[in-house]
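Those protein sequences? They're chains B and S, same order as listed. The opening position of the first sequence corresponds to residue 1 in this note's numbering, with each subsequent residue numbered one higher. The opening position of the second sequence corresponds to residue 1 in this note's numbering, with each subsequent residue numbered one higher.
Any given hint might turn out to be false.
As the list claims (entries may be wrong) - When the alpha-carbon atoms are kept at most 25 angstroms apart in a straight line, the in silico DSS-like pairs for lysine-lysine are as follows:
| hint | chain 1 | residue 1 | chain 2 | residue 2 |
| --- | --- | --- | --- | --- |
| 1 | B | Lys-348 | S | Lys-36 |
| 2 | S | Lys-144 | B | Lys-312 |
| 3 | B | Lys-348 | S | Lys-64 |
Just so you know, the hints here were simulated from the structure itself, not pulled from any lab data.
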Amino acid sequence: MGNKILILSLLLTCVSCKAQNAPDGQLQPNVSYTLCNSNATAETQRLWAVLCTEYGKRAMSGVVANVDWNTRETENVYQWTGKYPALNVFDFINIHASKDVNKQGWLDYSDLTPVTDWYNAGGVVGCMWHWQVPANNGTNYTCSPGTEPGQTSFDPSKINDPSSNEYKRMIKDIDQVAGYLKKMQKRGIPVIWRPLHEASGNTTEFEGGGAWFWWGAKGPEAYKALWRFMYDRMVNYHKLNNLIWVWNSQIGDWDWYPGDDVVDVVGRDSYYALQYPLAKEYNELLSHYPNKLICLAECGNGDEVDMSLWSKIWNEGSRWSWFMTWYDYNYNNGTSDEHQFAGEAWWKDAFNSGTVIDREEMKKLLAQ
Amino acid sequence: MNRQNYIVAFLLCSLFLAPAQALERTILLGPKTIGKAWRDNIILEPRHFVDAHPGDILTVYNDKAKGIAQGAFQNPSNWQGIAPEYGYFGIAGPFRMTLTDDILRIARTHGIAIGGHDYRILRVTLTDAADFAETIVWKGSPVKMKNDWSSSAEIAGRCFEQLNIGDGLRLHISHVEPGAACKLMDFTWNALDPSVDGVPVGGDNYTWSVWSRAPLLKLQLVGYGAQTAMRIGGKGYRLDSIGIVKQIGEVSEDLTNAQRAPREYVLQPGELFHGEKYFAPDWSGNLSVNAAPFQECTLNDVLIISYRLDDAAVATGTKAQLSIRDARWHEITGAPEPIYYPLDGTDVVYMFDPVALDKVKTRGLIVTGVGFTLTKIEILSAQ
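The task is simple: from the sequences and hints, build the whole structure.
The following block contains the structure:
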């Protein structure tokens, strides 16, 4: 291999990637996108390089699992369009019921088959975590903060108190999830990792708003401490170098941002996903986080409006690095004829727009 | 009278004295789309309930229900649930309501509104109570469902041997507290279908109608023996017994007295509203338009609001106001004080400025006002 080729190859796989095609519009990111973990694995760097190179040109398509540990939603997209989305995001929502820790469990996160099958087929792996803790009634698990029996008074600020039960619980859960992520790392699988999402809820949107997950219930300082603790525990203690860290921004929650050194991508979740407000929100995020990729971490039809077609979202000027549509349990169960969040017409438009990367294309991009 | 005449007379008397054949009668013929966000409803006219009796059953046949679809039976005079348990409930097939004295009192005066979101009404029927026969299949020790959802009753598979598609499983309940809810689960503790995952209950019974094979299969998985096939949980009520209800009457095809749903109007390109919406003198009327139809608006577009004046209100003033569709309903232009558009019978023509355009494209629009009937709102390009 000649020196020039070697240098080119190194440049392609380097951790720091220059945006080749900055998003259109008034704001143009003008900095290098750099992974915050300088020890990221080669596979993670490669995925990161592709994401950075494609940013502004095309968006990676994605779906979330049907609740937890499967690729069920990707089959819907394939049935509708003949193509698979590039990204499938698994959810650690039911780790308390995983067979490796619970004999009565109904799923097994320690069995990586759904993940490896997806990855080996060329798919990008994402993970998120609806982190359920024991509810106040002592029997259920929940993410919802509050004093009702079915809610939880779990206090995230106890991450600063190693003697507390909450601290021990958080350590135990983080370590359990880290174990699954470590297995992925050992198999060479990079993971787009989005924990502790939507933390501020609608706290900053209107008077009387609040957090809807316990990790946001004690305000931004407790939340940021928990994020940074998790980052440290996973990256420095567990040596997880296969993670691309995605932080979820809610409207106006600038005080909740954990910091440039522990966040790679800033995401937005929207179920009021109309093209105009989305473009405004994208530009707002870009102006606040100019050195981060911006993604549409969750999207779909909402209670009030149906999501705009992807082609319209793109034409309005927003340049999300990727999107992830939400699952419809009832549709997947056969008890609903119409997908609640993003159905056939939406996906056909997305793939026909020429601005979306499917699994086959992503496979080729990663192999280059 | 000879013997032959006696026989004829006897047969005629038998014919007239025999109980009338129970029938399921159609009282409303759709389709009527119940769209997103609780915007739509249809009112069953009071005349349908003049001869109805407590125990008669209203059935709403529907289609196009999304997984999140919810139904509601409401009192049209205040738009509250016609009984607490009918304020909202999940939909998995046709849904029913058993008429009570209280419900009939409202229905005979105001009618019954059917609302909710994300489904389409095809037909509404009224069936005599006598059309249904019930067999009690479980009467164990009553189970009190505590408010923390921790209690449940275990029902053996043999209780469901006679349960078929089209039947109802009636839970006889008592000691019902405000906010009572029921959850019907298979033996693995999963809800039998989304419509029974915490469904509000009230009165003295709740009937779950079986409209598909899927929940029956779940119940049959454990066989029809003594093993637990169903778990019934919830909160705020006591489960006393369970019966299987079968419809034994016939269905009438007579549509003579059926109410017809208004023809469904499809908005034309640019139209945001078409119909009749009354704005009373007390400012109680409003029309909400979400941001979706404004997405491609530009400063070259104008909003045309057409209306008919309420003659009785002309003397006291007729006017309209345009607000941002958010929690505060601020003036659409961003002005601190509301701007009123006096109405004289001619269309209101509103030209967007950049602030207002941004607001309608982001949030949407609320039209309020007094003394007129709104007939149309449309966006026209000025070019």
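Against the structure, the hints:
no., hint, in the structure
1, Lys-348/B with Lys-36/S, "23 angstroms, holds"
2, Lys-144/S with Lys-312/B, "54 angstroms, violated"
3, Lys-348/B with Lys-64/S, "21 angstroms, holds"
The structure fails to meet hint 2 from the earlier list, while all remaining hints are met.
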